Amino acid sequence: MIKRSAALLAVIACVMAVVPLMAPPRPVGAAPLLGGRVHSRFNPSQGKIFVLIIGNDARSGNPDESRADAIHIAGIDTKTMKGGILNFPRDSWVSVPGVGSSKMNEALYHGGPKLLAQTLENVTGIRIDYWIMTGFEGFSDLIDEIGGVRMHIAQDVNDPTGSGAHIKAGDRVLGRFGALAYARTRHSFPNGDIDRTTHQGDMLLALLAKLRRQAQRDPGAVLDWLRITSTHTRLDIPAPELFRLAVLVSAMDPKDVRSVTVPVRIGAVGAASVVFIEDEANGIFARFKRTGRL
Amino acid sequence: MSIAAPQTGRNWFPAIVSIAIATIALLSAGVIQALGPRVEAASETSSSTLADSAVEQAAWKLKTVEVGSARGHGVQAAGKDVSAIVREVYDALLLQPAGLSASLEAHFARDAASALVRAGLGWPEDTTGVRVIKRRARVHVELGSSPRAVAIVRTIATGETPSGPLRLKQRSTLWIEESKGGWRVFAFDVDQRPSR
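Chains U and D, in that order, are what the protein sequence lines are. Note that this note's numbering gives residue 58 to position 58 of the first sequence, counting from 1, and the numbers run on in steps of one. Heads up, this note's numbering is the position in the second sequence plus 1000, with the first residue counted as 1.
A portion of the hints provided could be inaccurate.
Label pairs and their calculated CB-CB ranges [claimed, not checked]:
| # | chain 1 | residue 1 | chain 2 | residue 2 | range |
| --- | --- | --- | --- | --- | --- |
| 1 | D | 1181 | U | 255 | 39 to 47 Å |
| 2 | U | 150 | D | 1193 | 24 to 32 Å |
| 3 | D | 1165 | U | 258 | 55 to 63 Å |
| 4 | U | 97 | D | 1136 | 23 to 31 Å |
| 5 | U | 168 | D | 1134 | 33 to 41 Å |
| 6 | D | 1058 | U | 154 | 51 to 59 Å |
| 7 | U | 278 | D | 1163 | 34 to 42 Å |
| 8 | U | 213 | D | 1164 | 50 to 58 Å |
| 9 | U | 280 | D | 1134 | 39 to 47 Å |
| 10 | D | 1181 | U | 213 | 33 to 41 Å |
| 11 | D | 1144 | U | 46 | 31 to 39 Å |
| 12 | U | 150 | D | 1058 | 36 to 44 Å |
| 13 | D | 1180 | U | 168 | 52 to 60 Å |
Output of the computed footprint for chain D on chain U, the stretches with three or more beta carbons under 8 Å from beta carbons of chain D [to be verified]:
| # | region |
| --- | --- |
| 14 | 219 to 226 |
| 15 | 240 to 251 |
These are computed hints drawn from the structure, not numbers from a lab. From a predicted model like this one, the values you see are computed outputs, not experimental measurements. Glycine is no exception: its CB is placed at the ideal position from the N, C-alpha and C atoms.
Generate coordinates for the entire structure from the input sequences, incorporating the hints supplied.
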């Protein structure tokens, strides 16, 4: 029961992020998951909820002083129960409010999750409702608690000097080390960070699939999840709202959620390798905003 | 999260129920303010009872599951309270549809009640001779600062419809929270499968 509940924890955290923390950034110790509202008023557009999912590069300790290794916007249309996950390469060259042109992942370092959310809102035109963030330690712990995540690995992954990933191609259940390594590795792939970003989106979908299976087997597991949430995360959200959101996400079918990586072209700014978001992405943003789907 | 297509080919078991959950998530944040219509006629069937009083109905089998380590009298008492709601609502749904409206008003959030009515669950019009073969519920209860519960309900019943005998199988999940001193269903999921 606890394993199942932890799966709910991980996926709901990844997909919904419902943890309003109204206080400014502060040291958080080993809290595996943090989150909050982007805006003080929760005002989703016509039943659509958008969540910024951040994986930062903090090995341990305070993730507020880290950069974003994984950047995704998850969208849910609560009327159709369909959604999407939009994946952003961390090296996307964008305008960061108050900072200027910069890699997207720098926004987290300069202004925390809210500045990253603001940056993405400017880029996409989508109003983001919540953010959620985890670091290496928190992510690994969550994967461990849910008993791993089943992924299809398209090619052998061997990255001894970077992420430490060493995974044979095929259907694999990735544990705490394997999942983190696969989410981090980019040296093994021809398109580097772009491929990594896509794999992260795939992993979110795999987690959602696991959640779905477990919730279908035993809806009562949602209550266990909520109980575990209170001990493993820092939550300020009112309990009734969290309950509703947990029910909502546990009802989502991963087949109705598509993962798409923002189209980019590889370039450079000075000595820095960056990627530029292609113009065709504007159509994707507009559709995502309008429908919550990709 | 949907009601299965009727195997009989008839379409008097319409709609899906998942909307109830989606709507309620937003309600919790105060975004939608009581937009749903009030609960009205809960069933097309108008008779006060669908069963012959001489027919013995299957007994309820109810089980309370404690969530977490907080065991004791409080959980069992809460389980009894939630079970009583389950019994009242499903007995109305299967045997006494005339009482369904009052049950929903008493124990369901308004939008959840409206969604259940719209889903058109239960028997077709003019069904008689209902016999409940199975009715059981497992209620998970967590007490704490915000008590909540999940009821997983299974029922099987048979009845005589104008077009012949019908067997009705339901699998339901009710999402329940304690509010203002009482338990209230804010979302539900029903899979209803009729067969000849």
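Verify the CB-CB distance for residue 278/U and residue 1163/D against the hinted window 34 to 42 Å. violated, 59 Å
Does the Cβ distance between residue 1144/D and residue 46/U fall inside 31 to 39 Å? holds, 34 Å
Evaluate the given range 51 to 59 Å for the C-beta pair formed by residue 1058/D and residue 154/U. holds, 52 Å
Does 39 to 47 Å hold as the CB distance between residue 280/U and residue 1134/D, or does it fail? Taking Cβ atoms as reference, residue 280/U and residue 1134/D lie about 56 Å apart, which means the hint is violated.
Using the Cβ atoms, figure out if residue 168/U sits within 33 to 41 Å of residue 1134/D. violated, 48 Å
May I ask you to test the hint 24 to 32 Å on the CB atoms belonging to residue 150/U and residue 1193/D? holds, 30 Å
For the region 219 to 226 of chain U, does the count of residues with a C-beta closer than 8 Å to a C-beta of chain D reach 3? Three-residue rule met by the region 219 to 226 of chain U, so holds; n is 6.
For the pair residue 150/U and residue 1058/D, does the Cβ-Cβ distance stay inside 36 to 44 Å? holds, 40 Å
Could you say whether the range 50 to 58 Å given as a hint is met by the Cβ separation of residue 213/U and residue 1164/D? Once the Cβ atoms are compared, 37 Å apart, the range 50 to 58 Å for residue 1164/D and residue 213/U is violated.
Taking the Cβ atom of residue 1181/D and the Cβ atom of residue 213/U, is their distance within the range 33 to 41 Å? Check passed, 36 Å falls within 33 to 41 Å.
Using C-beta distances, would you say chain D covers the region 240 to 251 of chain U, given that this needs three or more residues below 8 Å? holds (count 8)
Could you check the hint for me, namely that residue 97/U and residue 1136/D are 23 to 31 Å apart, CB to CB? Since the Cβ atoms of residue 97/U and residue 1136/D sit about 57 Å apart, the hinted range of 23 to 31 Å is violated.
When each numbered hint is compared with the structure, violations occur for hints 3, 4, 5, 7, 8 and 9.
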